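Produce the entire structure from the sequences given, and follow the hints as far as they go.
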Amino acid sequence: MSEQLSYGDFMRGLFDTERIFEKPEPLKGIRVLEVCYVVLGPAACDYLAEFGAELIKFEGQRGEQMRFVTPLAYFWKNLSPGLQEQNHNKYWVGMHLGHPKAKEIFLDLVKRSDVVVDNLTPGRMKEWGMSYQELKEINPRIIQLHVSGYGSWGPWTGRTSYDAVAQSMGALSPITGFEGRGPIKSGVWIADWITGLMCANAILAALNYRERTGRGQFIDYSQVENVIRWLDWTWLYSSKTGEDRPRSGNRDLAVCPSDLFDCADGWVALAAFSRAEFQGLCTAMDRSELFQKYPEPHDRLKDEHAREILRVVAEWTATRNVSEIEELACRHGFAASRVLQVKDVYHGKHFKERGAVQTYEDPLYGDMTEPCYPPRLSETPGRLKWAARPIGMDNEYVLTKILGLSSDQVKELSREGVIFKWNPQVASHCPPPDWDGKRGIKFP
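When the sequence shown is numbered by our numbering, its final residue is 830 and no position is left out of the sequence of numbers.
Treat the hints with care, as some may be off.
As the list claims (entries may be wrong) - BS3-like, lysine-lysine: derived pairs with alpha carbons at most 30 Å apart:
no.	residue 1	residue 2
1	Lys729	Lys463
2	Lys738	Lys414
3	Lys824	Lys797
4	Lys729	Lys487
5	Lys688	Lys771
6	Lys824	Lys771
7	Lys512	Lys787
8	Lys729	Lys571
9	Lys771	Lys807
10	Lys828	Lys787
11	Lys489	Lys414
12	Lys463	Lys489
13	Lys807	Lys487
14	Lys738	Lys409
15	Lys828	Lys797
16	Lys787	Lys738
17	Lys497	Lys797
18	Lys807	Lys824
19	Lys771	Lys414
20	Lys729	Lys771
21	Lys828	Lys497
22	Lys463	Lys771
23	Lys487	Lys797
24	Lys688	Lys571
25	Lys414	Lys729
26	Lys807	Lys828
27	Lys771	Lys787
28	Lys522	Lys824
29	Lys522	Lys489
30	Lys409	Lys828
31	Lys487	Lys414
32	Lys497	Lys487
33	Lys487	Lys824
34	Lys489	Lys738
35	Lys497	Lys771
Unchecked claim - Simulated DEER-style distance windows between Cβ atoms:
no.	residue 1	residue 2	range
36	Lys512	Thr627	41 to 47 Å
37	Glu798	Lys512	51 to 57 Å
38	Thr786	Trp462	38 to 44 Å
39	Trp821	Ser793	19 to 25 Å
These are calculated hints, taken from the structure and not from any lab test.
The structure displayed is predicted, hence computed values, not measured ones.
Note that beta-carbon positions come from the ideal geometry of N, C-alpha and C, so glycine has one too.
Rendered as structure tokens:
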């Protein structure tokens, strides 16, 4: 039967989004302890949690900083959008990790866990008696990842880093922006998100090594070094020419044409790299002489040639609607797409059909529609199960179900200030205003 299907229909059935929750999770059985805040560390753990790892997130009494980071002071049902996107599928524990009894609890969990992730100031875990030297003594199989701006050693170690700083220290901002103007940073926290992704990748590599050898290891990750690694051809060009890469706006200096162009009714992203693609574009523009003049990709890359080509394309797009250019691109084999807004992506049929945007019912917040981790695995797909949760909402689940403490022991830890829950005076710590006191509790 499958041989009679088109390739697209076969793939649609193979990745049937209606069956995601019927399939197993690839990281089920892997327990990760997260001692992280802001975006960098939590994003790494979020990627693992979406593929089924059991994620236990520890949070201090003042709350994760991202509980207060929200665009234009907007909160939805007490939930900060800044907190939500990197905190799916996690169990939330409110615990004062500097307390001696908290250390005992944490180390007991380490004995039963696979991975510890922290993005604290280098050396902070050691101050608490939770350094890698101490963790591997009680669990030689443990994998610990520490991620910080500049790593655990070197002249810059200990300096504070945020996304904007990492983009700048890694030389990304200086090459981003328009000719003759100053540097620009990305409008999203790209240094955080992509570093988080690569941290998750490093953890998977360490898990594979442990599977073969039985040994854990320590992973030290620098956010700035990760930014440096993405600079595509910039490093070799600068090291061999002795020149800095110039800012070029939306123009690609290594592919021509590849740019954003103004149209009669919006903006279009357009690229035609290969000989055939450029010929198709020139045919669509009725400018065959341009292809005859610059038939090969390298013919178009000299600055004066590129400027001529981009001027011709810009003059052409200015008189056309975006949909017309998209149709011509499909017909003639070059790349073109409308520059979409977030709402276009949210409502886009393509992304929902592929499961890139998933809708799920969160027990606290109700209907949620969000993007999930991009790789589509046919047999073990990732999934969004629940949203970020209030401080300490899963204390009982973790301490009782996983560690086997009694209800009385948990209450005593609370009285002593070792563990805690949300502050009702701080809205962004709390459940949504319509919470009934029961909904979303995972363990009675």
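Status of each hint after checking the structure:
| no. | hint | in the structure |
| --- | --- | --- |
| 1 | Lys729 to Lys463 | holds, 20 Å |
| 2 | Lys738 to Lys414 | holds, 25 Å |
| 3 | Lys824 to Lys797 | holds, 18 Å |
| 4 | Lys729 to Lys487 | violated, 48 Å |
| 5 | Lys688 to Lys771 | violated, 51 Å |
| 6 | Lys824 to Lys771 | holds, 18 Å |
| 7 | Lys512 to Lys787 | holds, 28 Å |
| 8 | Lys729 to Lys571 | holds, 23 Å |
| 9 | Lys771 to Lys807 | holds, 22 Å |
| 10 | Lys828 to Lys787 | holds, 10 Å |
| 11 | Lys489 to Lys414 | holds, 26 Å |
| 12 | Lys463 to Lys489 | violated, 34 Å |
| 13 | Lys807 to Lys487 | holds, 17 Å |
| 14 | Lys738 to Lys409 | holds, 19 Å |
| 15 | Lys828 to Lys797 | holds, 17 Å |
| 16 | Lys787 to Lys738 | violated, 36 Å |
| 17 | Lys497 to Lys797 | holds, 23 Å |
| 18 | Lys807 to Lys824 | holds, 15 Å |
| 19 | Lys771 to Lys414 | holds, 14 Å |
| 20 | Lys729 to Lys771 | holds, 23 Å |
| 21 | Lys828 to Lys497 | holds, 23 Å |
| 22 | Lys463 to Lys771 | holds, 18 Å |
| 23 | Lys487 to Lys797 | holds, 14 Å |
| 24 | Lys688 to Lys571 | holds, 27 Å |
| 25 | Lys414 to Lys729 | violated, 33 Å |
| 26 | Lys807 to Lys828 | holds, 15 Å |
| 27 | Lys771 to Lys787 | holds, 20 Å |
| 28 | Lys522 to Lys824 | violated, 38 Å |
| 29 | Lys522 to Lys489 | holds, 15 Å |
| 30 | Lys409 to Lys828 | holds, 22 Å |
| 31 | Lys487 to Lys414 | holds, 29 Å |
| 32 | Lys497 to Lys487 | holds, 16 Å |
| 33 | Lys487 to Lys824 | holds, 28 Å |
| 34 | Lys489 to Lys738 | violated, 44 Å |
| 35 | Lys497 to Lys771 | holds, 27 Å |
| 36 | Lys512 to Thr627: 41 to 47 Å | holds, 43 Å |
| 37 | Glu798 to Lys512: 51 to 57 Å | violated, 28 Å |
| 38 | Thr786 to Trp462: 38 to 44 Å | violated, 31 Å |
| 39 | Trp821 to Ser793: 19 to 25 Å | holds, 22 Å |
Of the numbered hints listed earlier, those contradicted by the structure are 4, 5, 12, 16, 25, 28, 34, 37 and 38.
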